[in-house]
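Trainee: Residue numbers (our numbering), protein chains in the order written: chain V, 1 to 397; chain D, 398 to 794; chain Y, 795 to 1191.
Among these hints, one or two may not hold up.
Taking lysine-lysine and the BS3-like style, the derived pairs with C-alpha atoms no more than 27 Å apart in a straight line are [unchecked claim]:
hint	chain 1	residue 1	chain 2	residue 2
1	Y	K907	V	K127
2	D	K422	D	K715
3	Y	K1112	D	K428
4	D	K715	Y	K816
5	Y	K907	V	K113
6	V	K127	V	K113
7	Y	K816	D	K428
8	V	K318	V	K31
9	Y	K816	V	K318
10	Y	K816	V	K113
11	D	K422	V	K318
Think of the hints as simulated: they come from the structure by calculation, not from any bench. All values derive from a computational prediction rather than experimental measurement.
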Amino acid sequence: MKSVVNLVLLVGLSAVTLAADKDLKVGWADKVVIASEDGTIRLEIGGRIHNDWAFMGSDQAIQDPFGNLEDGVEFRRARIHIGGELYRHTEFRIQYDFSSGEAEARDVYLGFKDIPVLGGVRIGQFKEPFGLEELTSSNDIPFMERSLMNALAPSRQTGIMLHNSGAGDALNWAGGVFRESDDTGTGTGDNNYSLTGRISGSPWYADEGRRLLHLGFSASYRSVDDQVVRFSTRPEAHLAPTFLDTGLIGADSYQLQGVEGAVQLGSFSLQSELSRASVDRLAGSGADFQGFYLQGSFVLTGEHRSYKRSSGAFGTVKPRNNFMNGSGGLGAWETSIRFSRLDLNDQEIVGGIQEDITLGLNWYLHPNLRIMWNYVHADLESVGDADIFQMRFQVNF
Amino acid sequence: MKSVVNLVLLVGLSAVTLAADKDLKVGWADKVVIASEDGTIRLEIGGRIHNDWAFMGSDQAIQDPFGNLEDGVEFRRARIHIGGELYRHTEFRIQYDFSSGEAEARDVYLGFKDIPVLGGVRIGQFKEPFGLEELTSSNDIPFMERSLMNALAPSRQTGIMLHNSGAGDALNWAGGVFRESDDTGTGTGDNNYSLTGRISGSPWYADEGRRLLHLGFSASYRSVDDQVVRFSTRPEAHLAPTFLDTGLIGADSYQLQGVEGAVQLGSFSLQSELSRASVDRLAGSGADFQGFYLQGSFVLTGEHRSYKRSSGAFGTVKPRNNFMNGSGGLGAWETSIRFSRLDLNDQEIVGGIQEDITLGLNWYLHPNLRIMWNYVHADLESVGDADIFQMRFQVNF
Amino acid sequence: MKSVVNLVLLVGLSAVTLAADKDLKVGWADKVVIASEDGTIRLEIGGRIHNDWAFMGSDQAIQDPFGNLEDGVEFRRARIHIGGELYRHTEFRIQYDFSSGEAEARDVYLGFKDIPVLGGVRIGQFKEPFGLEELTSSNDIPFMERSLMNALAPSRQTGIMLHNSGAGDALNWAGGVFRESDDTGTGTGDNNYSLTGRISGSPWYADEGRRLLHLGFSASYRSVDDQVVRFSTRPEAHLAPTFLDTGLIGADSYQLQGVEGAVQLGSFSLQSELSRASVDRLAGSGADFQGFYLQGSFVLTGEHRSYKRSSGAFGTVKPRNNFMNGSGGLGAWETSIRFSRLDLNDQEIVGGIQEDITLGLNWYLHPNLRIMWNYVHADLESVGDADIFQMRFQVNF
């Protein structure tokens, strides 16, 4: 086949010589995969749309400080990515989110894979290795939003990370040095750096992941260049205003710790995390904030949440019977419940304390389409309550 | 072939298992189409560039309020999209326009097709079903800009729409509920909703669309959450300033109605629309604004405007003889003329009245390239006149 | 094969008829190339990431006016493009850079190729034909940043250009009329135009470009619509502040001239340019600014800088032995050194005078991955010195 492609390109030839070195084959594996037969080139092109609709109500005690909670629609995420592996040992990914009107860098990195001593190395902007919920893709978490506790997770920053992904089996580790960077991946400051690491694993793993026990621990030391740190979060609804907020805290550095665990028994899974931030303040004694959540998920139609043993995170629920492809089923249906709590009060800092209960119903029509319904009851301590009903139409590939 | 692809992907295998479920074939159908042999997956990747050059002049009466009308260049549109159909019955499209420097959502939706009772359902941001000119793609309209009347069309908002597209033949219908949303697809407000519907059809349709009669009617009821509504437009030239503008009008709601008709007799087509907005004002009696246009197009080289019977809108002119592909012709040449009028004066509101005459010449070099020349004579009642010459270099695929 | 593709598309058929006219083949030629067998359609999809890390220091004399030079990271470039040739004689390219958070137009144009009398014509936004360093891709220049002198190059603007690219061999020419346009490609003003041309060639060219002599001359006349012109630059480090800056200079027009030369003797190459700007000021006599650089590059592993004879610019260094693909080598290693000088002082204008020495080390792991280390010593005359160490992780395809 090679000769044919070369011929084609020579006919259409411009000044730039374009002889294709390799034929590429295009395939569908729940996304578009383009690969050479010798396995040296593998590319993916994909994207996601999360279209959210929210309906909210609250008592007067919430409206006084936060205003009327208005109904709304938005694209919570609208991303396009291109990435893959080049010559087996290097990888890259360019992923931008356009939902805000800005071009916001998400996973934008390059890396090395299967390097003899180091394992894997990744450079650029990507998620710091911290927390099971954070490291599970927004396409795959069983609720529309991550828990209140996620306010304490560092998420994506620009850095260099070593990891054993790909080689990992029962035990995963990853650790790196990062600079806190904005949505364009820019971070400045002589004193702007963080050290973050995570160890996780599945000591019990049976039946190809239908039954497993997951445990993990994450820690981060974070130097603060501009000498202020702030924690805040919305009530697990992105169209709602920010309820919890410490405001700016003068600090030299802070530390994060997180413990995570999950059990899966077929269609039933239980997952919990506990995180804590300890701030070394410039004035006064240290301030500590903590959050946790406990969530359960049950897939009514018998499937289970997939689990990526190599990275220590959950994937999606793959529907078995899928009326979209004519197999006579109605996709997969999952119910979920979560209790989460975040305490941003300490010393004289009053960021607030909130407890949320979320009920979820998820319909996986086929591997690329999910419809979600979430009801969130948010209880903001010493203030009041809010009730939010929201739904998401999700395409990802 | 399947086994080969699987093999390839297993060789280049990372932690994420990547066995291609299906081979995809890549083809060219005036754009890139990627599809599986069983027809369950079909994807498109495409884009458009509209590069505009304008030269303007006006009398002093126009310059006094609007300043000197300066010549200029711009990308009127610069879009990339990816979309398609997954498992036959679902569709999606992610289309962003980058021409303004912002990432502006255009068609960003998912949907269901050929559903037994409902027909088609579409969710996300897309054009409300209102008006023939609005629903004809900017790649295909015979002038560089839509008419003055288009100031009264709702265009793209976020919503949920039912439609019979795909099943439609002589008669099309579509109707949905929408929230007015900005260029990111975000729309908030408890009272922000619209109901919009359109019925259109081609009672006479012969010779594969070379000869036809098109008729349609659209209506919209629009609740206004922030209690202000505004209509404004430029003089059918995007690099010119806004001439007509009602300013903010206090209102609870407004209604839109539109009537459309077109006749095509081979290379000759005539098209007209009449739209009206009725605003329920907070104070004072209701205010009504109306616009209309009448346009004729003649394809000198014998081709005709294509017509999409399933959606009740026109497509492009497909050049028969195309010197680009060596068939000895010089592409298709089309001349066009339009008269349009918009009246934004009513009660004490003085948005202005304008009448435009536009002459157009369009060269379709091949199905993906069009060069346009437009001369617009704009007559702003009680103010003055402006003359605009503009050209567009258009690539779309 | 054609019938199979048609069949597929008819099965998945929507209202829009989608019969693929041609099969397309996908290949890898250091990037993804999609082409039809008859050579009439050729498309490319690609992108680049430049992830920069900088560490800076300076004496107090620099910190007084410019503040502390802070370390930092950023995506210097993050681009995606799609482009190609349609029906042999037309070309297009849509390239956007997202690194700033804005969608910034880079190469966004369409054009005609191999036209009988005119040669090639290009319309839209692209680089004005001025200067060897400017016209060499940022993927390929042997330093992380272009020289100080580049402050005098016009770079990308919106225009129409004639050129002999594709036909050129020993001699290249290009010339066009441009409007100065912003990062969205928008440029307004009745008096906003430039005329720019370049003649370059390789009178001596041997051994398939391993040995060559390159010479070139560029000139530009630039009318200034808003009657101000400004030249400024950072010290060859994008994360550093702007050191040289003329401020706004009242002017009707200015001219640019540039002379360029390069010699390549296998792995060793020497390159130099001299540019000059002459400003016709509104008040006072004309002001002249000039810059130049001299750079040498030596590829330790024996490869050479590729040279594009058709466009008169250098390409990348292609690594021969590439440990990534198992051929037993360690890629290509290149060392480089550059001296550059820019003088923005004239008459009463004090934009500053700077001399930089840059040392570079570049590792080309494979054709799509480059890691760069640069040390810049910047000497700002009458102010002070700064030392910058920076590295880049680059993926491009």
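Trainee: Please verify whether Y/K907 and V/K127 have alpha carbons no more than 27 Å apart.
Mentor: Answer violated: Y/K907 to V/K127 is near 45 Å, above 27 Å.
Trainee: Given the hint that D/K422 pairs with V/K318, test it: the Cα-Cα distance must not exceed 27 Å.
Mentor: holds (25 Å)
Trainee: Given the hinted pair D/K422 and D/K715, is their Cα-Cα distance within 27 Å?
Mentor: Distance of about 25 Å is within 27 Å: holds.
Trainee: Can you confirm whether the C-alpha distance between Y/K816 and D/K428 stays at or below 27 Å?
Mentor: holds (10 Å)
Trainee: Tell me if the straight-line CA distance from D/K715 to Y/K816 falls inside 27 Å.
Mentor: holds (17 Å)
Trainee: CA of Y/K1112 to CA of D/K428, is that 27 Å or under?
Mentor: Answer violated: Y/K1112 to D/K428 is near 33 Å, above 27 Å.
Trainee: Given the hinted pair V/K127 and V/K113, is their alpha-carbon gap at most 27 Å?
Mentor: holds (17 Å)
Trainee: Is the hinted pair Y/K816 and V/K113 satisfied, with a Cα-Cα distance of at most 27 Å?
Mentor: violated (38 Å)
Trainee: Between V/K318 and V/K31, is the straight-line Cα distance small enough, at 27 Å or below?
Mentor: With Cα atoms ~14 Å apart, V/K318 and V/K31 stay inside 27 Å; holds.
Trainee: If you draw a straight line from the CA of Y/K816 to the CA of V/K318, is it 27 Å or shorter?
Mentor: violated (35 Å)
Trainee: Is Y/K907 close enough to V/K113, meaning Cα to Cα at most 27 Å?
Mentor: violated (42 Å)
The structure shown violates the earlier hints numbered 1, 3, 5, 9 and 10.
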